[in-house]
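A.B. asks: Take a look at the letters that make up each chain.
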Amino acid sequence: MRPGRYLPVMAALLFVAIEVPAHAATIQITMQDLVFAPAEASAKVGDTVEWINKDVFVHTATARNGDFDVNIAPKKTVTSVLKKAGTVEYYCRFHPNMKAVLTIAP
Amino acid sequence: MFVRLSAAIAALSILGSAALAQGAKPTDPQIAHIAYTAGVIDIAAAKQAIEKAGNKDVKTFAQDMVRDHEAVNKQALDLVKKLKVTPEDNDTSKALSKQATEKLNELAKLKGADYDKAYVANEVAYHKAVNGALETQLIPSASNAELKSLLQTGLKIFQGHRQHAEQVAAKLK
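Residue numbers (the numbering used here), protein chains in the order written: chain B, 53 to 158; chain Y, 139 to 311.
Just chain Y, same shape as in the assembly (with noise of 0.2 Å):
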C-alpha cells in the first residue's frame, strides 16, 4: 500500500519536475484551476469515505475534509469570480484527475478495516503532495496577491489535515 505511489501524486510530482524542467510557472487561471481540482479530488474520497468507512475516526475525519474543502474551493470560485479569471484546464489539472478517478475505483474494491487504512494512508501521501506542490510551485508562481493568499490559507489548513490524517492511521495500526 505504501509502497505504490497513489496515481495523484505522482501527478503532482510531474507538476514539480516538468514545471521545472522547463523553468515555465504555471499561469494563475491554471493554478486556480489545478488547486480547485485537487480540492474536489479530495472531496469526492471523503464522500466515499463517509459511505464506506467503518471506523468512527475516519468518518469523521472525511466530514472534516469535505468541510474544509468545500470552504477553501468556494472561496476560489468567490475569487476567480471578482478577479474575472477563468480557470483554465491544464495537463496537470487533467492528469490529476484522470488518476484519482483510477484511485476511487481502486479504494471502492475494498471493505472494512483494509479500506479504512488504505483511504487515510492515501489522504496522508496526498496532503504530503498537494502541500509539497503549493509550497514548492503554486505560491511561488501565483503573482495576483489574493490567489496567493488564499493557497497560503489552503496550505496552513492543508497541513492540519495532513497532521490529523497522521494521527488517524497512527490509531489504526
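Bound-form chain B, shown alone (with noise of 0.2 Å):
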C-alpha cells in the first residue's frame, strides 16, 4: 500500500471529522428545581438539544413562537434537533414561570 495515493483521501476524511462537529453541536438545557438552565443558551440551526429533565415532574419546552413544543418526561432526556434561526422565548406548559430564551443562529 502507497501511502502517498491515500494521502487526499485522509486529509478529507480528516477534514471532514473536524468539521462536523464545528457544523453540528449538541447543547444541553436542563430543567432542575423548576428552572431552566442556562436561561440563555446560544446554537445554530443543525445543533441538537439535549433537553434534560432531573425533576420528578413532566416538563415541556414550548417555543412561543411555535418552532417548537418538546415534551420530557420526569428523570429523562429528550434530544431535538433545531431547524429554524431565531431568537426563541419558550416556557413549559405545565409550569408556565418556567421560561428561558434559545438563541439559534442560521
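Don't read these hints as lab results, they were simulated from the structure.
No residue lacks a Cβ here, since even glycine has one placed at the ideal position from N, Cα and C.
A portion of the hints provided could be inaccurate.
[What the hints assert, rightly or not] With the C-beta cut set under 8 Å, the calculated list includes, among others, these residues of chain B facing chain Y:
#1 D85
#2 L86
#3 V108
#4 F109
#5 V110
#6 P126
#7 F146
#8 H147
#9 N149
Take the two lone chains and join them into the complex the hints point to.
C.D. replies: Right, here's the structure in full:
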C-alpha cells in the first residue's frame, strides 16, 4: 500500500471529522427545581439540544412562536434538532413560570 | 362562594394558630403526613373536576393538578421510605381530610358553570392556604434537610398552581 496515494483521502476524512462537530454541536439544557438552565443559550441551525429533566415533574420546552414543542418526562432526556434560526422564547406549558431564551444562529 | 371559607382552609388556619399558640412545632413524621394529605385532597378534587368540569381550561387545570400532586406525593413516599420515617396521623391531617370530604360533597351537588367556578375558586383559596401553611409552619418546622427541600420544591410548584388557578378564575368571569 502506497501511503502517498491515500493522503488526499485521509486529508479529506480528517477534514470531515473536524468539520462535522463544528457544524452540528450538541447543547444541554437542564430542567431542575422548575428552572431552565442556562436561562439563555446559543446554538446554530442543525445543532442538537439535549433537554435534561432532573425533576420529578413532566416538563415541556415550548417555543412561544411555535417553532418547537418538546415533552420531557420526569428524570428523562430528550433530544431535538434545531431547524429554524431566530431568538426563541420558550416556556413549560405545565409550569409557565419556567421561561428561557434560545438564540439560534442560521 | 367567596365569603364562605372552604373548610379545608379553615383547618390549615387552625394548624397555624394552634401551633403558634402552643409553641409546639409539628414533627417531621407529622409534617410528612400533613403534606401528603394536602396533596391527596387536591388530587381527589381534581379527579372530580376532570369528570364534572365543562370548561376546557378548568379540565386542563385539573389534569395539571393530578399530575403535579401525584409526582410530589410519590416523591414524598420515596423520601419517607428512604428516611425510614412513618408518617404520623394527627389532628391537622384529620381535620383536613374530614373537611375536604365535606367540600367534595358540596361541589358534587353543583353543575355546569356553577361547578367550574366553585371548583376553581376553591383551588385558589386552597393553594393560598396550603402555601401559607408551608411557608410559615411546615417548612420552618421541618428538621430533616431533604424533607425541607421537598417541601420547598412543593411550595414553588404550588405557587404556580395558585397563579394558574387565578388565571383560570379570571377567565371564567
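A.B. asks: Take the hints in turn and mark each one as holding or not.
C.D. replies: Each hint tested on the structure:
1. Taking 8 Å as the C-beta cut-off, the interface hint given for B/D85 holds, the closest approach to chain Y being about 6 Å.
2. A cut of 8 Å between beta carbons decides the hint on B/L86: the least distance to chain Y is about 5 Å, and the hint holds.
3. Residue-level restraint check for B/V108 holds (minimum Cβ-Cβ distance to chain Y is 5 Å; threshold 8 Å).
4. Hint status for B/F109: holds, given a least beta-carbon distance of 5 Å to chain Y, under 8 Å.
5. The interface hint given for B/V110 is met, as the beta carbon of that residue sits about 6 Å from the closest beta carbon of chain Y, less than 8 Å.
6. At its closest, the beta carbon of B/P126 sits 7 Å from a beta carbon of chain Y; the interface hint therefore holds under the 8 Å criterion.
7. The restraint placing B/F146 at the interface with chain Y holds, with a minimum CB-CB distance near 6 Å, inside the 8 Å limit.
8. Against a cut-off of 8 Å between C-beta atoms, the interface hint on B/H147 holds, since the closest Cβ of chain Y lies about 5 Å away.
9. Given the 8 Å rule on beta carbons, the hint for B/N149 holds: about 5 Å separates it from the nearest Cβ of chain Y.
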